[in-house]
Amino acid sequence: MSIATNNIAFNVEEIRKDFPILNREVNGYPLVYLDNAATSQTPKQVMNAIVDYYSNYNANIHRGVHSLSQEATDKYEGARKKIQQHFNAEKTHEIIFTSGTTHGINLVASGFASVLKEGDEILVSALEHHSNIVPWQMLCEKTGAILKVIPMNEQGELIYESFEKLLSEKTKMVFLNHVSNALGTINPIKKIIDKAHEKGAAVLIDGAQAAPHIKADVQALNVDFYVVSAHKMCGPTGVGVLYGKEEWLNKLPPYQGGGEMIATVSFEKTTYAELPHKFEAGTPNICGGIAFAAALDYMNAIGFEAISRYEEELLGYATLKLQEIEGMKLYGTARDKTAVISFNIEGLHPYDIGTLVDKMGIAVRTGHHCAQPIMDFYKIPGTVRASFSFYNTKEEIDRFIDAVKKAKSMLS
Amino acid sequence: MSKTIQEIQEEIVDEFAMFDDWMQRYEYMIELGKALPLIDEKYKIDENLIKGCQSKVWVHAELENEKLIFTADSDAIITKGIVAILIRAFSNHHPSAIIEADTQFIDDIGLKEHLSPTRANGLVSMIKQLKMYAVAYQTQLN
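Protein chains in written order, with the numbering used here: chain A, 1 to 412; chain B, 1001 to 1142.
Do not take every clue at face value.
Said to hold, decoys possible - Some, not all, of what chain A presents toward chain B, calculated at C-beta under 7 Å:
{"id": "1", "residue": "349"}
{"id": "2", "residue": "351"}
{"id": "3", "residue": "352"}
{"id": "4", "residue": "355"}
{"id": "5", "residue": "359"}
{"id": "6", "residue": "367"}
{"id": "7", "residue": "411"}
What the hints assert, rightly or not - Straight-line Cα separation of at most 27 Å, DSSO-like style, residue types lysine-lysine; simulated pairs:
{"id": "8", "chain 1": "A", "residue 1": "406", "chain 2": "B", "residue 2": "1034"}
{"id": "9", "chain 1": "A", "residue 1": "191", "chain 2": "A", "residue 2": "91"}
{"id": "10", "chain 1": "A", "residue 1": "195", "chain 2": "A", "residue 2": "165"}
{"id": "11", "chain 1": "A", "residue 1": "379", "chain 2": "B", "residue 2": "1042"}
{"id": "12", "chain 1": "A", "residue 1": "394", "chain 2": "A", "residue 2": "215"}
{"id": "13", "chain 1": "B", "residue 1": "1056", "chain 2": "A", "residue 2": "405"}
{"id": "14", "chain 1": "B", "residue 1": "1034", "chain 2": "B", "residue 2": "1128"}
{"id": "15", "chain 1": "A", "residue 1": "117", "chain 2": "A", "residue 2": "148"}
{"id": "16", "chain 1": "A", "residue 1": "191", "chain 2": "A", "residue 2": "170"}
{"id": "17", "chain 1": "A", "residue 1": "251", "chain 2": "A", "residue 2": "195"}
{"id": "18", "chain 1": "A", "residue 1": "329", "chain 2": "B", "residue 2": "1034"}
{"id": "19", "chain 1": "B", "residue 1": "1128", "chain 2": "B", "residue 2": "1003"}
{"id": "20", "chain 1": "A", "residue 1": "199", "chain 2": "A", "residue 2": "170"}
{"id": "21", "chain 1": "B", "residue 1": "1131", "chain 2": "B", "residue 2": "1003"}
{"id": "22", "chain 1": "A", "residue 1": "379", "chain 2": "B", "residue 2": "1056"}
{"id": "23", "chain 1": "A", "residue 1": "379", "chain 2": "B", "residue 2": "1051"}
{"id": "24", "chain 1": "A", "residue 1": "379", "chain 2": "B", "residue 2": "1044"}
{"id": "25", "chain 1": "A", "residue 1": "245", "chain 2": "A", "residue 2": "75"}
{"id": "26", "chain 1": "B", "residue 1": "1067", "chain 2": "B", "residue 2": "1056"}
{"id": "27", "chain 1": "B", "residue 1": "1067", "chain 2": "B", "residue 2": "1042"}
{"id": "28", "chain 1": "A", "residue 1": "190", "chain 2": "A", "residue 2": "91"}
{"id": "29", "chain 1": "B", "residue 1": "1034", "chain 2": "A", "residue 2": "379"}
{"id": "30", "chain 1": "B", "residue 1": "1056", "chain 2": "A", "residue 2": "406"}
{"id": "31", "chain 1": "A", "residue 1": "405", "chain 2": "B", "residue 2": "1034"}
{"id": "32", "chain 1": "B", "residue 1": "1067", "chain 2": "B", "residue 2": "1051"}
{"id": "33", "chain 1": "A", "residue 1": "82", "chain 2": "A", "residue 2": "245"}
{"id": "34", "chain 1": "A", "residue 1": "408", "chain 2": "B", "residue 2": "1056"}
{"id": "35", "chain 1": "B", "residue 1": "1056", "chain 2": "A", "residue 2": "329"}
{"id": "36", "chain 1": "A", "residue 1": "321", "chain 2": "A", "residue 2": "394"}
{"id": "37", "chain 1": "A", "residue 1": "408", "chain 2": "B", "residue 2": "1034"}
{"id": "38", "chain 1": "A", "residue 1": "215", "chain 2": "A", "residue 2": "82"}
Derived from the structure by calculation, the hints contain no laboratory data.
Beta carbons: idealized from backbone N, C-alpha and C, even for Gly.
Please build the complete structure, drawing on both the sequences and the hints.
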């Protein structure tokens, strides 16, 4: 099936050939994978990068004088450079490898313990992944700073006016996601970053859900910190990056002690290594970093514009079809959103729907999506969430809709 | 003489063996869920909630003539069906029989996937909870 986007190079059937997992069956049906917001699938090109690493140049980096170590170091640092270019960071050492988004957030939150004092304020959005709120709560307990929440409206959009009111000279940090994982809302981060900077507050953006769909330009955004995970964008699990402005990264203390992050060590005093190594204690996920860069190459070859245009088409199609089902209630109807649909059917529990559609080979997520505050806002136990990727098709959406209809008739 | 837990379990396994595919099995479970004798509203409190379930499951236990009677409810219907199956097997027996009861029959009726600890319906937690009640009442009887 060729898609009628402006980009004639975008052929979903060709793309699907790169993803071996899309050929498998689940419960006797061809798999329809619509849980892309939890983790994306991996193309052969990324798998090849992993096999190549372990087959040809597996060695510890930055240490050995031997050739293999040198080769691994070059590839790993090359990956950092590629990631820098992708996000348009000014300097390569502003890219810190992490184990993923959560690690990046914890690194920054922990570092801010030395910046904050009692009475300072941190603003977080009501749209956050709840595990991402915990590091800030811990930070507040430690420093006596106060956590304040930017509320959202019925459509699942942040209320900008409330943010403006909450923001003051006391605000030292603003933390929010670029895109909400539960609802797909795209937040107006540029506007929020600029406003926060007027009051001297730093801004950390969780880009985990945005990065697979939107190519963020950290210089244009003028953001202080931006964190992502590789596994949401065709890369492997257990690796991600923290982008931080050089001046901020120099200001924050190291997160963990160990090898790699030191310049000199004696029992009297240890001096820390320069960026980025100051934040990369121990042997990193070398293969993961290299595979992450391969994933970015893969997605960039298709093109983020083509990807988001196609995904928008899928979102529109699925939204229309779902709304034809009686009793359908969609959550998160923001004007700007990525290809995520959160829904419930009147009188039915999301868990029942999820269980039955799984039996028909459809993978969706059910539950609170680690965003309990959002579920509390709508006063629901959870939702069914279908999240689409550029390798999904309209035929798959038809199968998904049929499965939901069948589940509904079985449960009613 | 009333049936033993083992006998009831065999009965349930036989019933499920009549179905050819998952659809019929789930339809039957949904039926069982709808027929589950409801727990008294006053017992639908947080203390009676079973942890580890994506849906809410309340279980209440009462001792009558040395036999443990379970009542339960859930906000999800498939979960209710699963609880109904468990209650049919375990309710109205002496606590010691409940403690000793095997749970292999869950596997035999084709619900094995629900036994995985990652499954959010918490079937494992439900069984554990029923057995915990039995242990608690057993100590009362001793």
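Hint check results:
1. 349: holds (4 Å)
2. 351: holds (4 Å)
3. 352: Since the shortest Cβ distance to chain B is 5 Å, the answer is holds.
4. 355: holds (5 Å)
5. 359: holds (5 Å)
6. 367: The hint holds - residue 367 of chain A has a Cβ within 7 Å of chain B, the shortest such distance being about 5 Å.
7. 411: holds (6 Å)
8. A:406 - B:1034: Cα-Cα ~18 Å, so holds.
9. A:191 - A:91: Roughly 24 Å separates the two Cα atoms, so the pair holds.
10. A:195 - A:165: holds (11 Å)
11. A:379 - B:1042: Holds. Residue 379 of chain A to residue 1042 of chain B sits at ~22 Å (cutoff 27 Å).
12. A:394 - A:215: With a Cα-Cα distance of about 24 Å, the restraint between residue 394 of chain A and residue 215 of chain A holds, given a limit of 27 Å.
13. B:1056 - A:405: holds (24 Å)
14. B:1034 - B:1128: Given that 27 Å is the threshold and the Cα spacing comes to 23 Å, the pair holds.
15. A:117 - A:148: holds (16 Å)
16. A:191 - A:170: holds (19 Å)
17. A:251 - A:195: holds (22 Å)
18. A:329 - B:1034: Holds - the C-alpha atoms of residue 1034 of chain B and residue 329 of chain A are around 24 Å apart, at most 27 Å.
19. B:1128 - B:1003: holds (22 Å)
20. A:199 - A:170: holds (8 Å)
21. B:1131 - B:1003: holds (19 Å)
22. A:379 - B:1056: holds (14 Å)
23. A:379 - B:1051: holds (20 Å)
24. A:379 - B:1044: holds (18 Å)
25. A:245 - A:75: holds (24 Å)
26. B:1067 - B:1056: With Cα atoms ~26 Å apart, residue 1067 of chain B and residue 1056 of chain B stay inside 27 Å; holds.
27. B:1067 - B:1042: holds (21 Å)
28. A:190 - A:91: It holds: about 21 Å lies between the C-alpha atoms, which stays within 27 Å.
29. B:1034 - A:379: holds (24 Å)
30. B:1056 - A:406: The given pair, whose Cα atoms are some 24 Å apart, holds under the 27 Å limit.
31. A:405 - B:1034: holds (20 Å)
32. B:1067 - B:1051: holds (25 Å)
33. A:82 - A:245: holds (17 Å)
34. A:408 - B:1056: This hinted pair holds, its Cα atoms lying about 20 Å apart.
35. B:1056 - A:329: holds (21 Å)
36. A:321 - A:394: Measuring from Cα to Cα gives roughly 11 Å; hence the hint holds.
37. A:408 - B:1034: Answer holds: residue 408 of chain A to residue 1034 of chain B is near 15 Å, not above 27 Å.
38. A:215 - A:82: At roughly 13 Å apart (the allowed maximum being 27 Å), residue 82 of chain A and residue 215 of chain A satisfy the hint.
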